[in-house]
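Using the hints, position chains B and C against chain A.
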Amino acid sequence: MVNQTNSGNERVDLAYRRRKNAEEMKHQVISFVLMILLTLISFAAVGYDEFSHWFSIPFILLLAVVQVAFQLYYFMHMSHKGHELPALFIYAGVFVAFLTVWAFVTVVWW
Amino acid sequence: MQVEEKLTAETFPSSPERATLEGKNKFIGFWLFLGGETVLFASLFATYLALKDKTAGGPSADELFQMPLVFVATMLLLTSSLTSVYAIYHMKNFDFKKMMLWFGITVLLGAGFLGLEIYEFNEYVHEGHVFTKSAFASAFYTLVGTHGSHVAFGLSWILTLMIRNAKRGLNLYNAPKFYVASLYWHFIDVVWVFIFTVVYLMGMVG
Amino acid sequence: MSTLARKKGVGAVIWDYLTTVDHKKIAHLYLIAGGLFFIMGGIEALLIRIQLAKPNNDFLVGGLYNQVLTMHGTTMIFLAAMPLVFAMMNAVVPIQIGARDVAFPFLNALGFWLFFFGGLFLNCSWFLGGAPDAGWTSYASLSLESKATHGIDFYVLGLQISGFGTIMGGINFLVTIINMRAPGMTYMRMPMFVWATFVTSALILFAFPPLTVGFIFMMMDRLFGGNFFNPAAGGNTIIWEHLFWIFGHPEVYILVLPAFGIFSEIFATFSKKRLFGYSSMVFATVLIGFLGFMVWAHHMFTTGMGPVANAIFAVATMAIAVPTGIKIFNWLFTMWGGNIRFTTPMHYAVAFIPSFVMGGVTGVMNAAAAADYQYHDSYFVVAHFHYVIVGGVVFALLAGSHYWWPKMFGKMLNETLGKITFWLFFIGFHLTFFIQHFLGLMGMPRRVFTYLPNQGWETGNLISTIGAFFMAAATVILLINIVITTVKGEKAEADAWGDGRTLEWAVSSPPPVYNFAQTPLVRGLDAYWIEKMEGKKELTPAEPLGDIHMPNSSFLPFIISFGLFVAAFGFTYHNDHSWGLPVGIIGLLITFGSMFLRSVIDDHGFHIHKEEVLELEKKGAKA
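Chains as they are written, first to last, in my numbering: chain A, 1 to 110; chain B, 1001 to 1206; chain C, 2001 to 2623.
Because the hints were derived from the structure by calculation, they are not lab data.
Predicted model, so just to flag it, every value in this text is computed and none were measured.
Please note that a few of the clues may not be correct.
[As the list claims (entries may be wrong)] Below 27 Å or equal to it, Euclidean Cα-Cα: the simulated DSSO-like pairs (lysine-lysine) are:
#, chain 1, residue 1, chain 2, residue 2
1, A, 20, B, 1024
2, B, 1098, A, 26
3, C, 2024, C, 2619
4, B, 1177, B, 1098
[Claimed, not checked] FRET-style restraints, in silico, Cβ to Cβ:
#, chain 1, residue 1, chain 2, residue 2, range
5, B, 1056, A, 34, 34 to 42 Å
6, C, 2013, B, 1118, 44 to 52 Å
7, C, 2618, A, 98, 55 to 63 Å
For each residue, glycine too, the CB sits at the ideal point set by N, CA and C.
So that you can see chain A by itself, here it is in the shape it has in the complex:
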């Protein structure tokens, strides 16, 4: 049932849904703060000249992947029910994307 009418009372259901949405919004804000932090750390890692680029490049790539995971799973609700197929196709796209990028950073100039 799309409305999650588990109680018979419309107003109770509404209150429940409002609370659930608010709860989720809190998670979104926390995600946002973490994303800002991840961004700041990335910029700092690159700005700090003492780090060798053998460290900073994989590091910022990892941070980027983590931040994108937050976007997908929280902002875009990929963690919710009903997102199995979207997740499957996004991962399939990521797979093809990965193959393409891998080919270009290896075989193109070898």
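This is chains B and C only, laid out in the frame that chain A set:
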């Protein structure tokens, strides 16, 4: 549920964007489209990575990119992603006015990002970094420019939705439209995360 | 046709087709357009074969030969095979899953018109200085040099426009199959053709974007001063090859998986036996689709990627033979013990098995990277891919057309003429392409307009050319068959072949505009067969009779596509004429303006009322 039904906060479904068949179709269809866009941008990224050092005597990445500007642009776009989440939150709560407000803020932040990017490109052109100069330049402008045109398209999309639906309030006909537009907006932030990491930060590491 | 013309004027019929969003009519459009392009591609093939019939021939030489061979390949793959595959998918898939249309009918129409205008734009090149001449693969070094005419620009922009249509079609079928299956139709109860469409559409979704990007780069380099492929400015031409083949290899699976799906339907129906090993067929289809993305560089063995890369791609390529082999065995086991009826579609199906397997084994030969250094760019490769494409895809399209013709048009194609077409085509096909294996092994290179005498190539080429004329004759007989059938063919029943197993055979031929008066309840695989075996005349309904919601027709898909057609002309000529850029912008405005109109004008469709549905059902039952 019938699309023309007059709804109230109590009767508005918890996932209004998927309460009709049309909504379900748009929802799945758009996620699939984003899967395809992932591969599209990956091809652009792959090419950029292959060509980023081929500057043919023109200015290179570490000579051009300025950390403060990229940082501000990132903050603008990232924040606009959050504000669009707020907008959908209000949509689920059947609060049309607040949804419109937050979409409006999203558009302003997005326009700020775009303005900054136009300023940035203008600067680069004056420093000799033009599309036709080198393989690096062509790859840079195509990748970042494609992203920028996606931002521009997204802004006009959200604006059109806001103007068209200003007098209608929320219903099951426009809820999926707003939802899908916000998915698109999040996706271009996803792409930007990779752009600032792979293009700008990696470029500035040298 | 004459009775229909009396009911509706010709003008009304044309307007109907220009504005339709009905998947069944869109199927007709794809069939006709694809068929016309198939004939064009076939004529291009005949011209090539006439030129090569004897050494030092001067019938079609030099640059013009290169244009004809480029257009032959490009037309056949992009403008004939793919649209004909889409015709089959549109005609059948929604009905096979118990739906009333695809998820996005407007987008479906848009997909067709984009394909059509893209193909039209490409073929305008013939009249405007010359067609593209760098092969259907248009490798960057050569195609950047080809600056004397705009042929390559017509190629890039025409295919880009068509490609947008294809991606839309792919997304449309995915959403349709995911969301709109009738109650009771789980994924593992879908007909094999639906599974094939599903995996194919996923391949389209992920394979076309790299091609889009490749075309953008080519357009940038040729028309806007870009440097992606220009070594002097740091570019690299191999980037084009990678992007093209990351698309190009999945593309051939996009062509062949629907063919496999069509044959699965035909084998089961005309063996009067369910498909053997359904689950493994589904698994094999998905595996082929997945592996199809991991083998693209087997088209690039000789480009200097190195032995490690070559070895990886060689092994991955050979691996695809395994799921394909599973399918071949399953088809054979379907026939074993069955009650076989050698109808025209079954002729094609049975002929497909050895023909396609021959193509498959030469594929494994080509996959051996070291050996490929000898085969590459020779007629051996030409023989291989024609065996799999003609022996696989074209046979399937001919078979599928015969099989579903009654469902699409309400008449049965003539069986006798159908079998004559089959035999002429089958014999011609093997005559033309079998000998080419040996021509290739004897050293004959591809894409060269002539050859010297006394190398032992004369007889082979002559035989090859004769085969082409057999195939031409077959096509003519097919056209005669179509004309005769249209004028006075026998009307077809709902279950036109009598042995239908899947839902499309439960509705009238052709189906009513809403497909099903009541969405059916699906009780298992081969849903219609189950009902028939229980003695039921009709499908079990899953909903009460009610008003049926239908989408509105629209002229906007045509206009949106036309706008891109105009824009393409503008951008092609913007460096030569001052009107170029304005025309380009006007074209884009037409397109985006129409898209804007579509977005802001509400379109809720219309309803066919219950009473009307009952009327139409009664009329259908009487007919």
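Taking the hints in turn, this is what the structure says about them:
1. A/20 with B/1024: holds (22 Å)
2. B/1098 with A/26: Holds, at about 17 Å.
3. C/2024 with C/2619: holds (19 Å)
4. B/1177 with B/1098: Roughly 17 Å separates the two Cα atoms, so the pair holds.
5. B/1056 with A/34: 34 to 42 Å: holds (41 Å)
6. C/2013 with B/1118: 44 to 52 Å: holds (50 Å)
7. C/2618 with A/98: 55 to 63 Å: Given a distance of about 57 Å, which is inside 55 to 63 Å, the answer is holds.
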